[in-house]
Every structure is written in structure tokens, then in C-alpha cells.
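S.K.: One-letter residues, chain by chain:
Number of protein chains: 2
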Amino acid sequence: MNCIIGQSGGPTSVINSSFAGCVRAAIDRGFSRIYGSLNGIEGIIDGNIVEIDKEIFLSKGIEDKLKKRPSSILGSCRYKLDEDCESAIYKKLFDFFAANEINSFIYIGGNDSMDTVVKLNKYMQLNQIDWINVVGVPKTIDNDLCEMDHSPGYASAAKYIATTLRTIRSDIDIYDIKSATIVEIMGRNAGWLAASSLLSEIGSSKNIVDLIYLGEMNYSKEEILQEVKDALEKSNNLLIVVSEGFMDRDKYFDGNNAQIHDKGFNHPIISGVGQRLKDYIHDNLSIKTRAIEMNIVQRTNQLISKTDSDEAFELGYKALELSMEMTNVVPVIRRLSSNPYKVEYASASAGEIANKEKLIPKAWLESRKVLEEKIVEYASPLILGELEQDFSNGFVQFVELEDFIK
Amino acid sequence: MNCIIGQSGGPTSVINSSFAGCVRAAIDRGFSRIYGSLNGIEGIIDGNIVEIDKEIFLSKGIEDKLKKRPSSILGSCRYKLDEDCESAIYKKLFDFFAANEINSFIYIGGNDSMDTVVKLNKYMQLNQIDWINVVGVPKTIDNDLCEMDHSPGYASAAKYIATTLRTIRSDIDIYDIKSATIVEIMGRNAGWLAASSLLSEIGSSKNIVDLIYLGEMNYSKEEILQEVKDALEKSNNLLIVVSEGFMDRDKYFDGNNAQIHDKGFNHPIISGVGQRLKDYIHDNLSIKTRAIEMNIVQRTNQLISKTDSDEAFELGYKALELSMEMTNVVPVIRRLSSNPYKVEYASASAGEIANKEKLIPKAWLESRKVLEEKIVEYASPLILGELEQDFSNGFVQFVELEDFIK
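For the record, the sequence lines run as chains F and L. Numbering of the first sequence is given in our numbering, commencing with residue 201 and proceeding in unit increments. Numbering of the second sequence is given in our numbering, commencing with residue 201 and proceeding in unit increments.
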């Protein structure tokens with residue numbers, strides 16, 4: 201009984217916690233060999249496979265170190281399998297599984313990666329393959345996965361954002377002039393991560409975020425300018441959060457970036473709206489402006505939510521367990537209550553997650569006040585607790601793959 | 201015996217540690233009233249003055265909280281005093297000092313702020329004012345101040361950069377493709393902070409920074425392109441560090457260069473050199489490129505070097521003590537040895553710091569190897585030790601001025 205684990209799509213700060221959960225479950229459940237596929241399924245296709253050294257994993261505290269190690273330690277890919285389940289790649293994958301007596305393939309990823317899980321299962325069904333189960337583990341900082349209360353990775357990014365907005369506010373407040381600082385936050389079409397910037401208001405004696413624009417909102421550029429003008433009447437240094445997926449009605453803020461697409465899934469590469477909004481405010485109001493793109497640091501920051509890490513581990517563990525009995529499923533978190541925060545684990549069909557996205561509910565967008573109340577209720581329990589990072593030579597040190605493979 | 205403290209110029213993560221040192225020394229040395237001027241000397245000019253509550257400061261652990269609180273808590277300014285020491289502003293300042301029986305004015309800032317210290321002293325000399333001493337405390341993440349081994353604030357920014365480059369490396373390595381990630385780092389004309397990115401190589405099994413370009417270096421854009429090509433022969437995902445003060449010989453990367461325009465609005469791109477270097481590499485090599493501007497987060501990050509914080513406190517403390525006997529001086533750090541790291545405190549004339557800048561020595565730029573050896577020897581002792589931040593509600597909480605003023 202052997203298994204193989206892969207990671208796919210954009211990284212998160214807790215994607216290796218899910219990986220550690222898979223490995224730990226495989227050891228606990230008596231799997232003989234535990235493989236890792238480098239760069240998602242490309243590793244299997246190209247023959248880049250590693251085997252976990254179970255003894256080292258258990259004896260050297262690798263599990264805890266993996267929980268603190270941001271970004272996909274197995275590497276990633278954006279490989280999209282052909283719709284046609286008859287292509288040679290499928291055969292190559294299943295030949296590999298058969299040759300290595302692999303009964304479980306666990307794929308940790310977002311909605312694109314679940315597309316891979318679904319297609320492999322479709323191939324298995326078509327070819328009556330029943331000796332292997334292919335199961336997904338959810339991850340994404342975007343929090344846009346359906347069928348679950350929230351996705352692992354989101355909370356650690358939100359924790360980093362809440363903390364960083366506090367430090368940005370402390371910086372921009374020092375000058376007694378009119379200014380606007382625009383902070384662009386990731387999340388693709390979904391505003392979950394940008395909205396979590398409002399967590400920084402908790403317990404603060406002053407406003408942290410003055411204005412917020414999410415992809416789910418409908419604005420003209422003139423309406424935004426009016427809001428900025430109004431806000432400047434009340435305070436000096438504005439902090440404006442904009443989701444990378446935000447676009448004004450007339451697409452004035454579109455930088456033609458939609459023409460640039462990523463190679464695998466052909467999604468438009470979206471970033472730059474913050475810079476454009478900055479230029480627009482500067483050109484129209486002649487105040488000091490600055491654009492800050494939170495960039496990839498928000499998805500691989502070492503400031504990790506313990507709640508997020510624990511849940512990511514649990515989902516990895518459960519995925520491996522599920523794979524011993526079922527296929528084409530994904531373990532998910534369902535919320536029982538927010539206060540006190542209680543969840544249960546369930547499983548969903550991979551097909552209900554693949555290629556779909558969950559946006560912020562319309563009812564939450566009624567007003568800034570409602571949005572803040574809703575997101576605080578929703579996300580504040582998720583960012584609680586910190587993992588203590590290991591420092592050496594004055595900066596954070598991370599475990600690497602070479603430390604625990606054969 | 202009263203004193204007043206101000207902060208000026210760009211913030212750092214330890215500028216409030218110096219402030220705490222001043223306040224603590226003033227309490228220890230029996231000053232009656234300890235004032236803070238909001239937004240540098242503008243506070244005195246505009247009448248925005250606060251008074252520290254000494255009892256609260258001592259009883260509520262404010263000193264330790266200030267050490268963990270990035271960015272100038274008194275606010276800042278970039279106010280430049282007239283060369284003409286006869287202007288009404290000078291009179292206003294000294295009228296305030298006299299009316300409030302202030303014997304010590306401590307100004308925490310960089311080379312511009314030391315210009316203020318020098319001018320106030322010049323006015324004092326011209327007008328035979330001997331009842332007040334005006335003393336500076338050095339600070340800047342740029343590390344470009346003369347007369348001292350290093351400046352407080354630099355090390356914490358370097359610590360953040362070393363840590364963040366490790367996480368950025370963990371992120372960019374996940375895809376098995378050719379790519380170039382350009383990270384633009386602050387420092388004005390001086391490359392100290394960008395060079396400290398090489399600290400991230402300490403103890404790493406793989407290269408973190410592939411190429412580095414500092415303002416002190418002399419390159420044509422074609423030479424850079426060749427270096428990028430050569431590096432891509434050896435590895436997939438390049439991490440290229442560029443100092444914000446870097447410029448190629450022909451100034452192609454200058455933001456006013458008419459050849460490079462924003463795609464959406466046809467504005468000349470006025471963001472950093474990192475973005476333009478990214479565009480240049482992308483246009484010439486057609487690989488995946490990404491520009492990351494570390495931005496203001498590097499100067500107000502909550503990841504604080506204990507060594508830096510302790511030294512900043514000590515300099516603040518000593519400045520207040522110096523102000524009881526001398527004027528027109530700045531306490532500075534001199535290094536006795538790097539291994540073991542030993543320093544002594546001395547004082548320098550403010551005039552030797554004002555308006556001057558210290559660049560990386562030419563001898564350090566001989567080769568990448570030499571630069572790395574030199575900067576590691578120089579900066580690695582400075583980033584040691586961490587201040588444990590206070591978390592509440594899942595993110596970092598900072599002390600505010602309202603918590604300890606009357």
C-alpha cells in the first residue's frame with residue numbers, strides 16, 4: 201500500500217501543513233512507501249519523484265517544521281489535463297501509479313487543481329480502474345472555493361494583511377499632509393482577502409482602512425473620486441484597499457492586463473489596478489499618493505495563523521484517510537458556530553469545487569458597516585494563534601525537502 | 201529643567217526605541233517636564249505639543265511597548281529651516297523653548313534632520329543662547345549616515361529583508377519554468393540595505409539572490425541583460441535585487457525615459473527602477489517576470505532586531521545625557537570588533553552628519569563574492585535577536601501616544 205502526494209497552483213503559508221498531515225496519516229495508517237511528486241503532476245509525467253524517509257520525518261520534528269514552512273515544498277505547476285481523457289498523458293500517469301503500486305494519490309490545490317482530480321477520476325471510471333483513489337485537499341489564499349466554510353491558507357494571509365495594515369497605517373500617519381495610500385490585495389475575482397483588511401479595525405482607536413473596493417462591487421471611477429474627496433474632508437492620510445479583481449464600470453482601471461494569460465488554465469493575470477487607481481487619484485487631486493502591492497509576500501509570509509495551520513493539517517490527514525475508502529472527494533470544513541468558534545469536517549465531491557468560485561455574498565456589501573461586521577464575525581476566529589518561527593542567524597529558517605527524503 | 205523630543209524624516213522600526221531611551225534618561229536624570237513635539241519641529245511651530253505622563257510611562261511598561269512599535273509615534277516632517285538664521289521661525293522656536301523653560305531639545309532623525317540641529321545651533325551661537333542644548337539622535341534604514349559604524353533602523357530593515365527574501369525564494373522556486381523576479385529595495389543612493397539582502401545566503405543550501413545591482417555600481421543595460429542570460433543558463437527562477445538608487449549608465453531605467461510608457465494610460469511610468477528592469481528583461485527575453493517593491497513595509501515592519509532596538513534605546517538615552525552638558529552633538533556607535541561583536545558609544549559633531557551621505561566602499565564592490573563576505577561580516581551581528589511582539593485578536597498590537605500622555 202503506497203501513496204503519492206502533490207501540490208499544485210499558487211502557494212500558501214500552510215500548504216505544507218496539509219502535506220505534513222497527509223504524510224503523518226500515511227505513516228499512522230501503515231502505508232509502505234510515501235512519495236512526493238515534484239511540481240504537481242508534472243513530477244509524475246517527467247519522472248521527478250521523491251520518497252519521504254518516514255524515520256527522519258518522525259524523529260526530527262519535521263512535521264512541526266513543515267507547519268512553519270510557507271510555500272509548496274514539493275513545488276507546483278499549472279498543468280491542465282486535456283478534456284479528452286484518452287490522451288497519452290493519462291496513460292503515463294496511471295502506468296506510473298500501477299508500476300509503483302500506488303493506491304492513493306492526494307492532490308493539494310485550489311479550484312484548478314480539483315479539475316485535475318475530477319479528470320483523473322473520470323479517466324478511472326472510463327477505464328474501470330478501481331485500485332487507486334484520487335482525492336483532493338483544498339488550499340487557496342483567495343478563499344473562493346465552494347462547498348466549504350473557508351479554505352486553508354486564507355486565514356494566514358488575512359493575519360498577515362491585518363498586521364501589515366496596522367504597520368502601514370503607523371507609517372502613513374506620520375506626515376501632517378493630505379495623502380492617499382492604495383494597497384492592492386490578492387484574491388482574484390473574490391474579495392475575501394481584501395475584505396479581511398477590515399480585521400485590522402478590531403480594537404483600534406482610529407480608522408485603519410478608509411475606503412475599500414472589491415471585485416464584487418460596482419463603481420464608476422467618478423464615484424470613487426467623490427468618495428476619496430469626501431474622505432479627505434474628514435482625515436489627512438487615506439488608506440484605500442483595493443482587491444486585485446476590482447474593476448470600475450467603464451474598465452478605466454484596466455491596464456490591458458487581461459490580455460496576458462497564465463499558461464496552464466488561461467486565466468487572465470490580474471494585477472496593477474492599485475497603481476492605476478493611484479495614478480487616477482494623483483492626476484485628479486494632486487495630493488501625495490503611493491501604491492503598495494502586497495504581492496507574493498502575502499501568500500508565503502512566515503506569520504502563520506495557528507488555527508489555519510491546525511485545520512490545514514487536519515484536512516491533509518483526513519484526505520489520506522478518505523483515500524483509503526473513497527475517490528473523487530475533498531475533505532472540507534463546515535462551521536457550526538462563530539462564537540465560540542466550532543467546526544466539523546465533512547467531505548465534498550471534487551466536481552463541486554473544480555472550476556467554480558465563491559464570491560462574497562451580496563448581502564454583505566450593503567454598506568461598509570455591514571461588510572466590516574460580517575467579515576469580522578466570519579474571519580476573526582480564523583486568524584487566532586501564532587506559530588513560533590525558528591530564527592537562526594537573525595532571520596527565519598525553513599525546513600527543506602532534502603532534510604527528510606530518501 | 202524640562203526637555204522636548206521630536207522625530208523627523210522617514211520612520212524606522214526602532215525610532216521609538218530611541219524615543220523611549222530619551223524619555224527614560226530624562227526621568228532618571230530628574231527632568232521635571234518631558235514634552236513631545238508632534239510632526240517634528242512643526243509641532244513647536246504650530247503648537248502641537250504633548251507631555252509625557254512619567255508615572256504611566258514607568259508603571260505600564262510603556263518603554264518595552266515603544267521598543268516594539270514601528271514608525272515615528274510623534275509623527276514626522278520634512279521641514280527644512282531657512283539658511284537665513286534671522287527668519288521669524290527661529291524666533292518662534294526659541295520663544296517656545298524659553299516660555300516652557302526647556303533646556304534640552306532632542307531631535308531624532310537622519311541627515312536632513314541633523315541639518316535642523318546644526319541650524320538651530322548656529323542661531324544659538326549668533327544670538328548667544330546658552331540656556332538650551334540641541335542634540336541629535338541618528339536614525340535611518342538607509343545606513344548612509346557618516347561618523348558612525350551603522351545607523352539605528354538599518355538592522356531591523358535588513359532583518360526583515362533577509363527573512364522576506366527567504367520566503368520569496370520559497371515562492372518563486374515552485375514552478376519549473378524560466379522566470380525573473382526583481383525585488384526593489386530602499387536605501388536612496390546608498391546600497392547598504394539592498395546589499396543586506398545577501399545576508400539571506402547565510403546557512404542556505406541554495407542561492408537566494410542571483411544578481412544584485414546597487415547605486416554604487418556601474419552597468420549598462422546590455423551588461424545587465426547579459427548577466428541575466430548567463431544566470432538563466434545555470435538556474436530557472438532568478439531572484440534579482442536592485443537598490444532603488446540604481447541607474448544604468450545611459451539612464452534607460454530612469455522613470456522619465458520617454459521610451460517606456462504605461463500601457464493603459466500612456467503615462468511615463470514613474471514607479472521604481474525594479475518595475476522598469478522587469479519590463480526590460482521581459483521585453484528582451486520573453487520569460488515570466490515579476491517586480492516586487494518592498495515599499496514602506498520594510499521600514500515599519502514588526503520584525504525587529506533586538507540588537508538594533510537595544511542600540512537605538514542606548515543612543516536615545518545617551519543623547520539626553522549629552523544634552524545636559526553639550527550642544528550640536530550626536531551620539532554614535534563605533535565598532536570595536538565584529539567577532540565577537542563589540543561596540544562603544546561616542547559622540548560626533550552634528551555638522552559632520554548633516555547633509556552628507558556614506559556609500560558602500562568601492563573595495564567591497566570588487567566582486568559578488570567580496571560584497572557578500574563584507575556585508576555578512578558587517579551586518580550579520582546587527583540583525584541578531586528578536587523582540588517578541590504582542591498579539592491580540594490574532595494580529596500585532598501597538599502602543600499609541602494616547603496611552604501615555606497627559
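If you are wondering where the hints come from, they were derived from the structure by calculation, not from laboratory data. Hints may contain errors.
Any copy, or any two copies together, can satisfy a pair, since identical chains are not distinguished.
To be verified - Below are the SDA-like pairs computed for lysine to any residue, each with C-alpha atoms no more than 25 Å apart in a straight line:
| hint | residue 1 | residue 2 |
| --- | --- | --- |
| 1 | K488 | R278 |
| 2 | K574 | R388 |
| 3 | K506 | D590 |
| 4 | K574 | G551 |
| 5 | K542 | E255 |
| 6 | K574 | D253 |
| 7 | K254 | I487 |
| 8 | K574 | L485 |
| 9 | K322 | L411 |
| 10 | K421 | D246 |
| 11 | K265 | E401 |
| 12 | K488 | G472 |
| 13 | K280 | K558 |
| 14 | K319 | D282 |
| 15 | K506 | E242 |
| 16 | K421 | D312 |
| 17 | K506 | E586 |
| 18 | K506 | Q589 |
| 19 | K506 | G585 |
| 20 | K292 | E588 |
Computed from a predicted structure; not experimentally measured.
S.K.: Hint by hint, note whether the structure agrees.
M.R.: Verification of the supplied hints:
1. K488 - R278: For K488 and R278, the Cα distance is within 25 Å only across copies (14 Å; inside one copy 39 Å).
2. K574 - R388: Close inside one copy (20 Å), not across copies (42 Å); limit 25 Å.
3. K506 - D590: both (15 Å within a copy, 15 Å between copies)
4. K574 - G551: neither (29 Å within a copy, 56 Å between copies)
5. K542 - E255: neither (34 Å within a copy, 43 Å between copies)
6. K574 - D253: neither (45 Å within a copy, 39 Å between copies)
7. K254 - I487: neither (59 Å within a copy, 38 Å between copies)
8. K574 - L485: neither (32 Å within a copy, 46 Å between copies)
9. K322 - L411: Cα proximity of K322 and L411: none, with 46 Å in one copy and 46 Å across.
10. K421 - D246: The answer is neither: 48 Å in one copy and 37 Å across copies each exceed 25 Å.
11. K265 - E401: between (32 Å within a copy, 20 Å between copies)
12. K488 - G472: both (19 Å within a copy, 16 Å between copies)
13. K280 - K558: Answer is within; shortest intra-copy Cα gap is 21 Å, inter-copy 52 Å.
14. K319 - D282: Cα proximity of K319 and D282: one copy only (8 Å, versus 72 Å across).
15. K506 - E242: neither (31 Å within a copy, 44 Å between copies)
16. K421 - D312: neither (32 Å within a copy, 39 Å between copies)
17. K506 - E586: Classified as both; 5 Å inside a copy, 20 Å across copies.
18. K506 - Q589: Answer is both: 11 Å inside a copy and 16 Å across each meet the 25 Å cutoff.
19. K506 - G585: both (5 Å within a copy, 23 Å between copies)
20. K292 - E588: Close neither inside one copy (42 Å) nor across copies (51 Å); limit 25 Å.
Of the numbered hints listed earlier, those contradicted by the structure are 4, 5, 6, 7, 8, 9, 10, 15, 16 and 20.
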